[in-house]
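The lines below spell out each chain.
2 protein chains.
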Amino acid sequence: MGINISNFLASKSQNRKMGQFQDLDHLDGLAVSSVSANLYNSKRDDLVMFYFRDGANFASVYTQSKILSENIKWNLSQKTQKIFSLIINTRNANSFTGEQGFKSMQHLAEMISKQLTDKQKEDEDDPKIIKSKNIIFGCTGTIGEKFPEDKIKLKIPNLIKNIKYTQNKYIWMKAALGIMTTDTQPKMAMEECKIGGTPVKIYGIAKGSGMIYPNMATTLGYIFTDANISNEVLKKLLKKNIENTFNAISCDGDTSTNDMITIFSTGKAKNSLITTLNDKKIKFFDESLNNVLLNLAKRVVADGEGAKKFVTININNAKTEYDAKKIGFSIANSPLVKTAIAGEDPNWGRIIMAVGKSGVDINLNKLSIKFGDLMIVQKGKIFNQYNESDAVNYMKSSDIKVNVDVGIGKKSFTVYTMDLTKEYININSDYRS
Amino acid sequence: MGINISNFLASKSQNRKMGQFQDLDHLDGLAVSSVSANLYNSKRDDLVMFYFRDGANFASVYTQSKILSENIKWNLSQKTQKIFSLIINTRNANSFTGEQGFKSMQHLAEMISKQLTDKQKEDEDDPKIIKSKNIIFGCTGTIGEKFPEDKIKLKIPNLIKNIKYTQNKYIWMKAALGIMTTDTQPKMAMEECKIGGTPVKIYGIAKGSGMIYPNMATTLGYIFTDANISNEVLKKLLKKNIENTFNAISCDGDTSTNDMITIFSTGKAKNSLITTLNDKKIKFFDESLNNVLLNLAKRVVADGEGAKKFVTININNAKTEYDAKKIGFSIANSPLVKTAIAGEDPNWGRIIMAVGKSGVDINLNKLSIKFGDLMIVQKGKIFNQYNESDAVNYMKSSDIKVNVDVGIGKKSFTVYTMDLTKEYININSDYRS
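Protein chains in written order, with the numbering used here: chain F, 1 to 433; chain G, 1001 to 1433.
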């Protein structure tokens, strides 16, 4: 193993930017397995399987790119109510691989569904027949390289043999490490809550934003719950909660062809099935799901390429949430703002610039800007007690908050990003070979 | 003088990226003057005046930012058919300076118009009365600092005393240097053409994109012609020709509150007044104006912060010009593409990524990509004779061409940008003091 799991577990208190890892435990109805398929020509795990022995309800959101990787095309084309397995490989994005890439998905889905059906016959009292359409894939890595179908096929028997029906923190850590490309930290989060009187778990893992070799920072996020929720409600919950979590982060404004967030529910907690978002019993689950997604999304940003600082941009009192989001991302994606933060320079003029270029109508006389609690600009004027040395001190923190009060409405949005450092250039301009 | 004009003129053949400076000469109806108002606390010129003794027709385009600097607000609020003077200061953007900043413009316009009226009485047979509304301003520098009205006022008499009615290459170079902030090169361009049988000149100077102290890379561009053209036609010509010149460049995707391009025509060439864009006599002027604007715009990019490579992105055969432009800027503004170019890495996967994230509908099977003349992707597949070592060699050039053939229409657009280097981070993350 190239990566030592115990070391990661032991070092968890050192994860200064995002706090401790949360220890994920057993989640009923789910099985996890990881192996090395030698995709990196090393022994690190690069192939991870999530297996739902009784199937799982599910919902996905995918990249907004107009160019989709072949695994995402596969996932979108399978019409099914239940997923039995999600397989994730790293090192190859299966993007711009054309027919060969799509056929590889088909071949693998056929092979995996057949072998899992055999496993059903061995392990289950009431064995199910698993079909290709019950299998979905996550891929991340280099674009445009031939998809390593044969290498992966060779390891499918091992992957299935390794399946454990009971998880513990080591198994989760192994899976979270197995989906990393050049992330420097595995990303896990969990919440527990109740639906009606029934306790349920929401576990999640993600990867994203660290890369040296691959062509881009794909974001993958997978959420698992034992709650009993219909596909339709899962879809609505995911769409709703993705907006202010994974859709509120930006590392460099670039978008992968492979982005994928999926939620699976095994139903094993046995609450009565939730079939409408209006069901009041879903309230705490809704909030907890948001927490898990936000926790993971923040971990992706905190591990952003070359990041030294975690930056939270709060836009308050805009006319619409859409306006607040536009302003937030205009600031978050501005190289001039991000380099100023890297340089610990309280260069608020660049915030003004980014507000202006967002295209949102602004009343300058109502605009206020704070760094953390430090008032910088108040209603369009430099705050009369503004003291640059306080601001300089504030910028030394590794956790920077930019608070913009637009002052012309009641809507808010928060965006998360990181600073733009020389290390980002190092990582991304190093020649691939 | 902090800057030695003779050195710049002597070193012109060393301007490797953009070729030689063009020597600008006399343009009838125009006078030029520059002084140091000590805005940088050094002796460099930082205040430049263009004076039209008989007035000039004119047209301007300004920043698309929703936050406008006070000089641009002034310029927009003056209703007049003739401009008698344009005054440009550096070091202070007069942006986010509120009422004080606007009033400074008013005070300066009053002072300048009065002193120029006095000069008319001295110098002209038929003296004109110049009003505040006949004066416009260009400002560039730091945002949010009090506008140095008094320092500038102090030097207005000198500025007017220094007015020369005849220009030569030294006077133009002095003016082009005088409007620089931390540009490393002055930017000048010229063309000569005919309107009907009358020879006319089109001269231009610009600044932009180099900065260490200022808050952003303001682009200023000023075009002067002795042609006789109505305000209405100047407006249409400028709007039309700005689209594929200054609106086709991007250094970092950030937009200043101060951007300003203005064209002035003195009419001294005495061609019969052009009052409609349909006038066929305007054809060569139209083309020559485009050349001057494109030449200046390219010089701004070539001098972009930290730029080591000049990058031309040609998008061909898109459905609409709007689509071609969207794809072009998606590539030009992608940090992942720009860092790959800095690293001399022919990482075409990132071009694919940027095409995908542009939001334009793509048919992958028709998409082709070339670096220069090297075919990389042909109709959605890696070109069968693609040889990475050729591509690696190509990327070593300081002049990179990315050619994308979308293959689904007939429209084209070309975008100009530069690579994203560690030097960009150095320049922009250094603390201001």
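These are calculated hints, taken from the structure and not from any lab test. Careful, some of the hints might be misleading.
Derived lysine to aspartate or glutamate pairs resembling DMTMM-like cross-links, with alpha carbons at most 25 Å apart [as the list claims (entries may be wrong)]: (1) F:Lys396 x G:Glu1243; (2) G:Lys1239 x F:Asp123; (3) F:Lys268 x F:Asp123.
If you want a taste of the chain G side facing chain F, the calculated C-beta under 7 Å gives, among others [said to hold, decoys possible]: (4) Gln1022; (5) Ser1065; (6) Lys1066; (7) Phe1096; (8) Ser1230; (9) Thr1257; (10) Leu1277; (11) Thr1339; (12) Gly1343; (13) Gly1349; (14) Ile1352; (15) Gly1356; (16) Lys1357; (17) Lys1422; (18) Ile1425.
Using N, Cα and C, we set each Cβ at its ideal position, and we do this for glycine too.
Can you give the numbers of the hints that this structure goes against, from lowest to highest? The structure breaks hints 1, 2, 4, 8 and 10; every other hint is satisfied.
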